[in-house]
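> Residue numbers (my numbering), protein chains in the order written: chain R, 56 to 561; chain F, 56 to 561; chain L, 56 to 561; chain P, 56 to 561.
Quick caveat, the hints were computed from the structure, so don't treat them as lab data. Be a bit skeptical, because a hint or two may be false.
Copies of the same chain look alike in the list, so a pair counts if it works inside one copy or between any two.
Claimed, not checked - In silico DSS-like pairs for lysine-lysine, Cα to Cα no more than 27 Å straight-line:
no., residue 1, residue 2
1, LYS374, LYS229
2, LYS557, LYS199
3, LYS207, LYS373
4, LYS373, LYS123
5, LYS213, LYS478
6, LYS540, LYS163
7, LYS289, LYS411
8, LYS213, LYS244
9, LYS207, LYS140
10, LYS374, LYS213
11, LYS289, LYS140
4 protein chains.
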Amino acid sequence: MISHPVICALRNSVRCWRQRAVIKAAVEASDLCGWRCYSTSHHRGVTGMEAILSRVVTPLPTYETRDKFPPPPESNSVEFMHFYKSLDKEDKLGCLTKLSHDFGVDHKSASELAVKLLDTQVRDLATILQAEDRLRYSLTPRYKQLLNHISKVEGGVKFLVDLRADVLEIISSKASDSPHIRDLNGTLKSLLSEWFSVGLLRLERITWQSPCEILQKISQYEAVHPVRNWTDLKRRVGPYRRCYAFTHAAMPGEPLVVLHVALTEDIADNIQSIVREIATPTPCFEEDVNKVNSAIFYSISSTQAGLQGVELGNYLIKKVVRELQSEFPHMAQFSSLSPIPGFSSWLQGLLSQYRKEGRGSDLLSEQEWREVEQATDSEPGTPAVDALRKLISTSEWTRSERLSSVLEPVLMRLCAWYLYGEKRRGYALNPVANFHLQNGATMWRLNWNADTSPRGVANSCGIMVNYRYFLNETSTNSALYLQNKVITATEQVLGLVSQFQKNSKL
Amino acid sequence: MISHPVICALRNSVRCWRQRAVIKAAVEASDLCGWRCYSTSHHRGVTGMEAILSRVVTPLPTYETRDKFPPPPESNSVEFMHFYKSLDKEDKLGCLTKLSHDFGVDHKSASELAVKLLDTQVRDLATILQAEDRLRYSLTPRYKQLLNHISKVEGGVKFLVDLRADVLEIISSKASDSPHIRDLNGTLKSLLSEWFSVGLLRLERITWQSPCEILQKISQYEAVHPVRNWTDLKRRVGPYRRCYAFTHAAMPGEPLVVLHVALTEDIADNIQSIVREIATPTPCFEEDVNKVNSAIFYSISSTQAGLQGVELGNYLIKKVVRELQSEFPHMAQFSSLSPIPGFSSWLQGLLSQYRKEGRGSDLLSEQEWREVEQATDSEPGTPAVDALRKLISTSEWTRSERLSSVLEPVLMRLCAWYLYGEKRRGYALNPVANFHLQNGATMWRLNWNADTSPRGVANSCGIMVNYRYFLNETSTNSALYLQNKVITATEQVLGLVSQFQKNSKL
Amino acid sequence: MISHPVICALRNSVRCWRQRAVIKAAVEASDLCGWRCYSTSHHRGVTGMEAILSRVVTPLPTYETRDKFPPPPESNSVEFMHFYKSLDKEDKLGCLTKLSHDFGVDHKSASELAVKLLDTQVRDLATILQAEDRLRYSLTPRYKQLLNHISKVEGGVKFLVDLRADVLEIISSKASDSPHIRDLNGTLKSLLSEWFSVGLLRLERITWQSPCEILQKISQYEAVHPVRNWTDLKRRVGPYRRCYAFTHAAMPGEPLVVLHVALTEDIADNIQSIVREIATPTPCFEEDVNKVNSAIFYSISSTQAGLQGVELGNYLIKKVVRELQSEFPHMAQFSSLSPIPGFSSWLQGLLSQYRKEGRGSDLLSEQEWREVEQATDSEPGTPAVDALRKLISTSEWTRSERLSSVLEPVLMRLCAWYLYGEKRRGYALNPVANFHLQNGATMWRLNWNADTSPRGVANSCGIMVNYRYFLNETSTNSALYLQNKVITATEQVLGLVSQFQKNSKL
Amino acid sequence: MISHPVICALRNSVRCWRQRAVIKAAVEASDLCGWRCYSTSHHRGVTGMEAILSRVVTPLPTYETRDKFPPPPESNSVEFMHFYKSLDKEDKLGCLTKLSHDFGVDHKSASELAVKLLDTQVRDLATILQAEDRLRYSLTPRYKQLLNHISKVEGGVKFLVDLRADVLEIISSKASDSPHIRDLNGTLKSLLSEWFSVGLLRLERITWQSPCEILQKISQYEAVHPVRNWTDLKRRVGPYRRCYAFTHAAMPGEPLVVLHVALTEDIADNIQSIVREIATPTPCFEEDVNKVNSAIFYSISSTQAGLQGVELGNYLIKKVVRELQSEFPHMAQFSSLSPIPGFSSWLQGLLSQYRKEGRGSDLLSEQEWREVEQATDSEPGTPAVDALRKLISTSEWTRSERLSSVLEPVLMRLCAWYLYGEKRRGYALNPVANFHLQNGATMWRLNWNADTSPRGVANSCGIMVNYRYFLNETSTNSALYLQNKVITATEQVLGLVSQFQKNSKL
């Protein structure tokens, strides 16, 4: 009977029709844009970008009408995503700069509301609360709405994670020192923190029955002890091993942070026994529960640069500990077996500096220097410190048992100091140490000859360290470290540190 | 070799030990509390509550150290959850009042930072941005951290949804008019909005193969057309029907909003053909795709009181439309068949008011009044308006064909006015109308004799309405309605509204 | 280049073309038939049926070419299935009779090959083996191929299960005494036994999270203690309960045999404590592992009449025992709590027969008869045995404590005899007893007042029995029972049996 | 009250106790054996084997008691499986020989029942049917029961599949010519055919989301076009590709037969375009449905040697066709692109034989021989046929365009003859041809330069062939081929065959 809807044309018909036309045109414009091809976008220059941003970043509604604004059409978000992805690196910087600068907080409005807040201070609490809420609202950057809407589109969350990776790259590469970019980073981080809250993450155990897609990514993301091939990978998810990852509903099939665990009798002091073990041809190789007393976290990798600062690894370790405790009720020892990236280059830097300062001889005792000299047959006239530098840069010392035993005490105490004594803004300089100490682990044991791979010798003279998790100490340790910068360590570590201090006259 | 960890006891040993002891004591205290029994909590009075809140709501770190605070132990969150659940209604009010009042924004700090912001106005943008960020941070209520931590605990998100339901109940029942409670509501709503963002929701089709647990809940939550028994339910998820729900990773097994759809040839004008149809004993009753041209949304129910204001229904309808379009590429008509709750009571109120004002006769034409009188055999002396009120309150008119045909035009134009003309703050008074109009639907057709169940006759004189979704109009319609309060309607509806206006001399 | 295939038309072209035409016509004929409507089939009479059977039951290939026959088109099987389903009961009998009679073993060929086998007896083993194989092949009924092909079609296995149910119904109702029908039954049973072999069954635990479809069937199939409503059902899959079923890949969503288990502290002696317990409103009612020492099988139901004689229940119990042992390593007691269907009617029969034979007084001692008389106030002249019969048929004795205590020893010893002493072909007459004894269970304990529901009192005077599974005895018990007809029972049962024998002068 | 079960010790107590003891001893003996270590089994010699077989292969019950035998304890089956797996190859042969010889059909009983059957021939049908059934039963080998029981144990079905692979290996390697081994093979095949019936198989589409375990097996099993690495594998399950497998409930995670399909516009004439295509770095490379007109089966592999003769590939192709038709309703062309294994070696054999017979010149025309000679610059005096043999065995001709164009017509017509004319027992000699022709495909097109890999050139001079599936012809074709040995082929193929016949004077 009634074939087409007609528009309300009563008393207010004229105004109504005009509004409808305007709104519809706007909506359609942005709808169409969703389908434009941006392949030539980098020729468009600033004007095109500005037009797009103006269209997709809708103005902040007034405080009063903030709940009365319908979400903009999805095509807005999709358009921005397509547009941004089509840009080259330089134009991305331009786009993010413009977005954060021109579509951020309305400073005038914010300062006006700050004045109002101060004016209300003598008034009742209800008035103050309202003034605060308005002020808070006015401090919302306009682009935050766009980010919010993007998160609702398919693939949107992943887009924002990658966008933040770009922002972080801009900041760390000093491509821009705009405070607005830093502000954008802060806004993104706080949004991502909400979406990647632990309650929304899912712990998955990865096995050989997991989808190939996931296992391939696990393999690619493994940065600590690279996976050599699929046999190697199969072993890392096989018996006496566990592999866990956090995934997120909005990024299916994408592990966010991955933890590899070895189940052992004692706390492992050597990584080759875990990742390079020759595959024994045991057809149905079952775990013997009685041999499982310790869980060794031998690799933890974050996979999303854009989630930096969003706490995931800490929560993953805690969840895995609980998971393992329920699988092995009698399991008592939880510890990492961690690499010490940066030790060798720090040591080279130290030696080089000592040489310049003429204090080359301070790091080793006279007896030790003599032994180095004898063991290296260094050319007469070459300063021993140079001989040592060469030894370390070439990893040659590993081929001589004698040199190795001469250097063991020297390198162990230097390494202990590097981990325990070297700081950045008061916290451990070494990032792996900083991670585990923040989590509340104890710096438990330095292990000599722990990673004899070329990589391990080059990075840290083959030394590795256990950060041990005493479950009823981690909260205290974590607070002590974060708030008071105190590192909890064992006698072994502290003993080595003392030896270093004695020798080095620090 | 090293059997126990020892604590760093070097130079700073004394300070360190003391700190450790203090921190550890605090941590342990709260750990233990997690296991306390709160069964006697309501005898403890205010002091106990204060102690608990002080312990679990940690102070806001300074702006500088905000990233250096480890998350409090989970036991904090668990303790608060147990504690709160153990309270009776009155104590809950007390607890929420105290929480929102004593652990909210630090007004002094906020106003100081507002002063600072104003002082920076002449300075460079970097300084302004920093001042804004500090101010923004200072406007964070201290309890927001607690809420954040609770969300990470198992069952925490559901707890917060229920907590907000309590807060909303307090506000709507006027149990408290504290502005702090309103602030708490705002904070909760904004947090829940982030966590229940569409990107994190999962669309699930509910079928007879779905878990019984879900189907039982679907049945319980169905408020629009109550499910009578499991046969009824089975039909609602069977052929020519679709049932969809949003679920959320943090609340598994819990449908958040449920949409029931009937697949029909034409846009349905009667609900009994959908929900009360006698089960035909067709053993393998298959859908005939050629008979499916329209999708009728005949019921949509939100299940979580605590998610009020968090847009879900709108997104669910849009996602379902897309789902149906991909299943039935030729499907062209999308429409609701909606109840009109409140029409009968509005009408009773109107009649009663007209009578009081002596304008009783204005609503119907003289001819109509005569016909009512004749049809009812009303006692002489009884005013016709009273007879009409009685007829409607008893639903007796439905038993007389004559009365029914007399009343049809009258009730239809009154109902059209109720839906189209009656407003609250400028928006449609009827909540179902308001929901669909916000979504951008068109008020499409009023249907006489559309719900002949006792409930349907009692609520809306058996009338139902179709809100139709013209997919390329919804964005425009939604914006027009929300921003300009313009209702899009068809000629049928507008014609009925005109008739009402003519008769009623409004 | 080459647009259409052409048919080999070389030397042998004429013969080839003719064959192709013939074969193709046959194939197409049957293809078309798959789509015919059989709605009028029962008017067609015998001729139509014969035509269809001749077409769909292909002749047995010769022994030499048996591997060189392609499977007939699926439409053959589909046609037969549609055709058979369209028949009424009488025509089904006709169809099965014709199928089994006209399309069975070729007796002439079989006897010829039997002669050949006898001729080879003096020859070498290879020749004998071949003769046996040919004979074995010739003993294959021609219809077996059709059944085999049907099993490959979607829904085919279920069709055959239902077909066998029809065959069994024909046999047990004596609608036909054709030996061919019995042969068909044997063939079907042996095929179904292969397809429903335990290795192909899947054990599923049914919970409240299982698909509604399955739970509804579980509810419908529960014959032992009928499910009253969905709350009742929810409890039967909730805490302290387990529900397991075997399902089969070829009949998805269809539980084949269902076992209900209650987890208790002691071996239950009363069914109401298990299935009628009032639902306590405990919101998060968790199992306490320490209270779980016994698994009580309180209901086992087969759901497919057509699988009679295909051992499933026995295997299900064994698999469930293993499942429970792995969930509760310390669980020590496994027992049924079983109904005794048929006891009351057997007792009525016995009383009636005794009365006829004038031995009415033999079953009870004089003292007992006196007590019955006193307790019933039976009219003078009414023989006590009649009073007893009436009491039992009306269940009235349960309302009198005195009568109840008088009858307890009488009914218990009669019941013990019924279970232990009454036989059919040497095995326990009571089917439930026979089932558990075959499985190797021990007749462990008779329980008075064990099922006080009207149904329980009517069927077995409220008595129930535990068949207990001593896991290291079941193999022995099963063999003893099946091969030597020996029932393993406890002192309690044997004591009651002795008392019966003493009293009854049997 | 009753603490221990006691054994029925009534009238028949003595007999009963004795039986129980004997049975129990037997049961326990075999239970214990399940746990014995067989590592030294091959030293035990024949006696140990005989003892074990006697214990685990229970005697066939009499016809009358055949339903009254409880299944033997699982440990019987497990014992046999462990025992057999512990044997070396030679002992396996001994074990299978003994099993099939000593535990097969009871020939005496079979011949007696054959006599009885002949005696009944004058009697009524019921008697005949019974005699047939008894005879049929007596023809069951005693070991069939053991096989049946093994199938019920975990891993039992896979064990039997592998056992049959051993049996087939014995037969084909002629390690034994025992007719009993052939009988065992027949029994196993018929049992496996029941268990691997199509109704019990599950079609799985393999994608990059499938478990790694399955994908690794798919990669290993691919025999036709070996998978080079995981990138290659990823492409074979990616866009424009489909990979399907049958799996079976009793062998989870084990693909039984795997079909690889390429989705193309036209029927592919070259395999490199399918499996060696360079991976283009297209990030989100979506299928364009409009470009998908043909499904090319480019590889089909059976994975279980023990399932030889159990029709799986044929059913897989048919199921996949249906699956593809439902995904792509307009898909019209289904064809293989198949290798021609054995063509080159057949050709070498032919050339060698022709040379011996002095008919070397018959295969090519004079003109062709001249061209070969010119193109090869063969040494004077070397017969052209030798030059040709060398060319083919070295694949050198592919490097010369001239030679290639000379040889094309020659090799194409020889290959056509090889596929179409060369027979074994009347069926195509080439196994791939035989497979597709049995399925009812048409020999559709020979493709020159279709597999230019070294393997392809070496095996079949780079020629491949399409067997095309015209869906409404396959039933007819299959029957024609299997029953009348008629190959359906296109004009192209038949034309090439004619040319061959003309040239070769066959």
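> Each hint: holds or not?
Going down the list of hints, with the structure as the test:
1. LYS374 <-> LYS229: neither (37 Å within a copy, 42 Å between copies)
2. LYS557 <-> LYS199: Classified as neither: same-chain Cα gap 55 Å, cross-chain 49 Å, threshold 27 Å.
3. LYS207 <-> LYS373: Only across copies: LYS207 and LYS373 sit 12 Å apart there, 30 Å inside one copy, limit 27 Å.
4. LYS373 <-> LYS123: Cα proximity of LYS373 and LYS123: across copies only (19 Å, versus 42 Å in one copy).
5. LYS213 <-> LYS478: Result: close neither inside a copy nor across copies, 34 Å intra and 42 Å inter.
6. LYS540 <-> LYS163: Neither, since 40 Å and 30 Å both go past 27 Å.
7. LYS289 <-> LYS411: Classified as neither: same-chain Cα gap 50 Å, cross-chain 55 Å, threshold 27 Å.
8. LYS213 <-> LYS244: This pair counts as both: shortest intra-copy Cα distance 13 Å, inter-copy 24 Å.
9. LYS207 <-> LYS140: within (18 Å within a copy, 33 Å between copies)
10. LYS374 <-> LYS213: both (24 Å within a copy, 20 Å between copies)
11. LYS289 <-> LYS140: between (36 Å within a copy, 26 Å between copies)
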